[in-house]
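Model the full structure from these sequences, guided by the hints.
Spelled out, the chains give:
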Amino acid sequence: LDYQHVQVPFEITLWIMLASLAKIAFHLYNKLPSVVPESCLLIFVGLIMGGIIYGLNDKSPPVMDSDIFFLYLLPPIVLDAGYFMPSRPFFENIGTILLYAVVGTIWNVFGIGFSLYGICQVRAFGLRDVSLLHNLLFGSLIAAVDPVAVLAVFEEIHVNEKLHILVFGESLLNDAVTVVLYKLFRSFCEMPAIKTMDVFAGVGKFFVVGIGGVLVGLTFGMTAAFTTRFTKDIRVIEPLFVFLYSYLSYLTAEMFHLSGIVAIIACAMGMKRYVEANISLKSHTTVKYFMKMWSSVSDTLIFIFLGVSTIGENHEWNWPYIFFTVIFCLIWRALGVLVLTFFVNRFHINTVTSKDQFIIAYGGLRGAICFSLVFLLPDFRRKKLFIAATTVVILFTVFAQGMTIRPLVDLLHVKRKRESAPTVGEQIHIRFLDHLLAGIEDISGHWGQYYWKDKLEYFNSKYLQKFLLREYDQPKSSIVLLYEKLERKHAIELAEAGQLGHAPSHPSLLCSVFLCSHNDRTVITEKKSEDALHPDGLEDIQEILARNLYRIRRTGPAYSRHTLPGETEPVEQAQEILILQRRSL
Amino acid sequence: SVSHSQITRLYSRFTSLDKGENGTLSREDFQRIPELAINPLGDRIINAFFSEGEDQVNFRGFMRTLAHFRPIEDNEKSKDQNGPEPLNSRSNKLHFAFRLYDLDKDDKISRDELLQVLRMMVGVNISDEQLGSIADRTIQEADQDGDCAISFAEFVKVLEKVDVEQKMSIRFLH
Numbered sequence: 001l002d003y004q005h006v007q008v009p010f011e012i013t014l015w016i017m018l019a020s021l022a023k024i025a026f027h028l029y030n031k032l033p034s035v036v037p038e039s040c041l042l043i044f045v046g047l048i049m050g051g052i053i054y055g056l057n058d059k060s061p062p063v064m065d066s067d068i069f070f071l072y073l074l075p076p077i078v079l080d081a082g083y084f085m086p087s088r089p090f091f092e093n094i095g096t097i098l099l100y101a102v103v104g105t106i107w108n109v110f111g112i113g114f115s116l117y118g119i120c121q122v123r124a125f126g127l128r129d130v131s132l133l134h135n136l137l138f139g140s141l142i143a144a145v146d147p148v149a150v151l152a153v154f155e156e157i158h159v160n161e162k163l164h165i166l167v168f169g170e171s172l173l174n175d176a177v178t179v180v181l182y183k184l185f186r187s188f189c190e191m192p193a194i195k196t197m198d199v200f201a202g203v204g205k206f207f208v209v210g211i212g213g214v215l216v217g218l219t220f221g222m223t224a225a226f227t228t229r230f231t232k233d234i235r236v237i238e239p240l241f242v243f244l245y246s247y248l249s250y251l252t253a254e255m256f257h258l259s260g261i262v263a264i265i266a267c268a269m270g271m272k273r274y275v276e277a278n279i280s281l282k283s284h285t286t287v288k289y290f291m292k293m294w295s296s297v298s299d300t301l302i303f304i305f306l307g308v309s310t311i312g313e314n315h316e317w318n319w320p321y322i323f324f325t326v327i328f329c330l331i332w333r334a335l336g337v338l339v340l341t342f343f344v345n346r347f348h349i350n351t352v353t354s355k356d357q358f359i360i361a362y363g364g365l366r367g368a369i370c371f372s373l374v375f376l377l378p379d380f381r382r383k384k385l386f387i388a389a390t391t392v393v394i395l396f397t398v399f400a401q402g403m404t405i406r407p408l409v410d411l412l413h414v415k416r417k418r419e420s421a422p423t424v425g426e427q428i429h430i431r432f433l434d435h436l437l438a439g440i441e442d443i444s445g446h447w448g449q450y451y452w453k454d455k456l457e458y459f460n461s462k463y464l465q466k467f468l469l470r471e472y473d474q475p476k477s478s479i480v481l482l483y484e485k486l487e488r489k490h491a492i493e494l495a496e497a498g499q500l501g502h503a504p505s506h507p508s509l510l511c512s513v514f515l516c517s518h519n520d521r522t523v524i525t526e527k528k529s530e531d532a533l534h535p536d537g538l539e540d541i542q543e544i545l546a547r548n549l550y551r552i553r554r555t556g557p558a559y560s561r562h563t564l565p566g567e568t569e570p571v572e573q574a575q576e577i578l579i580l581q582r583r584s585l
Numbered sequence: 586s587v588s589h590s591q592i593t594r595l596y597s598r599f600t601s602l603d604k605g606e607n608g609t610l611s612r613e614d615f616q617r618i619p620e621l622a623i624n625p626l627g628d629r630i631i632n633a634f635f636s637e638g639e640d641q642v643n644f645r646g647f648m649r650t651l652a653h654f655r656p657i658e659d660n661e662k663s664k665d666q667n668g669p670e671p672l673n674s675r676s677n678k679l680h681f682a683f684r685l686y687d688l689d690k691d692d693k694i695s696r697d698e699l700l701q702v703l704r705m706m707v708g709v710n711i712s713d714e715q716l717g718s719i720a721d722r723t724i725q726e727a728d729q730d731g732d733c734a735i736s737f738a739e740f741v742k743v744l745e746k747v748d749v750e751q752k753m754s755i756r757f758l759h
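Sequence order for the protein chains is A and B.
Counted the way my numbering counts, the first sequence spans residues 1 to 585.
Counted the way my numbering counts, the second sequence spans residues 586 to 759.
Any given hint might turn out to be false.
Dumping the calculated DSS-like pairs for lysine-lysine here, alpha-carbon to alpha-carbon at most 27 Å [claimed, not checked]: (1) B:K742 x B:K690; (2) A:K205 x A:K195; (3) A:K466 x B:K604; (4) B:K752 x A:K355; (5) B:K746 x B:K690; (6) A:K355 x A:K384; (7) A:K195 x A:K183; (8) B:K693 x B:K752; (9) A:K355 x B:K746.
Derived list of chain A stretches under chain B, where covered just means 3 residues or more per stretch with a C-beta under 8 Å from a C-beta of chain B [what the hints assert, rightly or not]: (10) 371 to 381; (11) 438 to 445.
It is worth saying that the hints were derived from the structure and are not from the lab.
Think of the CB as a built atom: it goes at the ideal place given N, C-alpha and C, for glycine as much as any other residue.
Written as structure tokens, this is what we have:
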């Protein structure tokens, strides 16, 4: 047995295999994922694994190395989020997003840090040796929220686009803010004395790190776009460039002590447009699938490690401190959201309602980043206390809040629905208006109210596109490609049938096929339509409408960490509409 | 009413759509917008831009139609009540939508007109009979004067609980 030889890759593969098998196991039982979020289940598996290892070895299970996290596990997650971020809504709301991400996170950090310091002053808890700086450091790592659960809920209840992009954008950027603050405080910890100059230098560093990260990211992004211009003959390795350049941008930024997260986001968003136009459709699909796969694996591994490391002797259980940490996290998050939303609502039409605010505040789950940052802390006397507190906060938010957010949202929504069930007429007219608005917006061109964005668009079409795109064409969406494909297919079929400009056979074929299969249903509904305003008929009709009315073109981002943005449904719908329109010509 | 920057922006959009560069848009120019091709109401929306019998629309007409979709500002509500109603008032917005239903312009949505629109908005899985019963139901709910058609006043009444101002405002023209 030559185990030593293969040990490292073997163990890594085994862990990843375990994570994936666990995922299969959850989805086998259909109802489980909807009641219990995946992160809970993964932590649970981790707990079991940790217990087993502890029992076998009688010592603490392996703890995740911070390098592994920051170099291997974090970049895929951030890349995935950055790549699938829809740019238009993101940039239109960039001010608000930055407000929530930067100001909100700073608010949370200082709020939690100072209140915990206040708690430490109480003699009874025996925590007087935890200094303010340590508390601030702890605050900085616990403040970052991971709203995957919130996004999953938003998927189901169709919130307005603005809210969705706010939460999504905030989640992306606050990771960056957290890491920067954390590093800042940690460097302060190592300094013997802190002068005011240092504080100002810290603030300046904050901006330098952010802007520097953006520049690094954009450079790599443009280079990637330029490279893909020449990949026409080697389609097979096109996806590789996307990943290589993004990862390089992350590593380069980290090398210069800039924010790697911001760099990788800037790289992904910068290159997306050009790369997607240059690479083939299959490469595009590959890129998307691989991105989802890697981020999913990373995410899963992190949660399992979280469970594993909970077991063992890493913790110092000082219950008052832990208890107050949880409380303060909740309070400060809620306060922050309230205050910021108050400012946001004064400047915009689409207000963030109080129900939305509740969801955002309640959905402040902590996740992977907190967990990893706490293990990175320098070894000082109270490190284990912080580890314990972090673990409890994460477990609490993920289990308690994660599991209850969906029922709470349903409760809030059901209340609204019971006020007035829409009549059939309302349903139809509302959908009519929605389609109308979508069409008008498409005609008027979606241009936002920002001077710089328009300037950028102009710059892009004049110069960048010529330089970075292989064929100087409008990038085509999948729907346009489908349209062209259908046109071509139709033309070919017509030419073959020898009847150009005239196609009676197709539509009637469609019609007759569908009518035949619905003969039973038509009989029943005929009977019911005779009763004036019959209640059963109403339900039947509403059900039919709910299932069959065409959906509006998707304006909001459909982001999920575990699945690709849905593509099959709108394509079928588009096909039907095009065929219907051709019939009516 | 519409700000200078908004006019500039819409003019850029107008010129970018105007492939023939003759200062007017034809139906083909609109049909070139890909998202509009798969909008169920695409053709009707395009027709709404063109006046009776015309095949070209100039920038003025383009702006006029889009002006219906400007959001209603709070400070406008208190402006002079004696002046002409602005194009983006709730009533005018609804009138715009009504005209999309009412093709023969008799100020009523007849059963046939409703059926046509329904057929456009609904998938191929619904038979004509089912669609007919849905149309009948819609008219029954709305009809108050018993003429088996929906007049403008009845249309407004059906939508009284709906936030039309928000539903019919382009979000960025703010």
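Checked hints:
no., hint, verdict
1, B:K742 x B:K690, "holds, 20 Å"
2, A:K205 x A:K195, "holds, 15 Å"
3, A:K466 x B:K604, "holds, 20 Å"
4, B:K752 x A:K355, "holds, 20 Å"
5, B:K746 x B:K690, "holds, 26 Å"
6, A:K355 x A:K384, "violated, 38 Å"
7, A:K195 x A:K183, "holds, 18 Å"
8, B:K693 x B:K752, "holds, 22 Å"
9, A:K355 x B:K746, "holds, 20 Å"
10, 371 to 381, "violated (count 0)"
11, 438 to 445, "holds (count 8)"
The structure shown violates the earlier hints numbered 6, 10.
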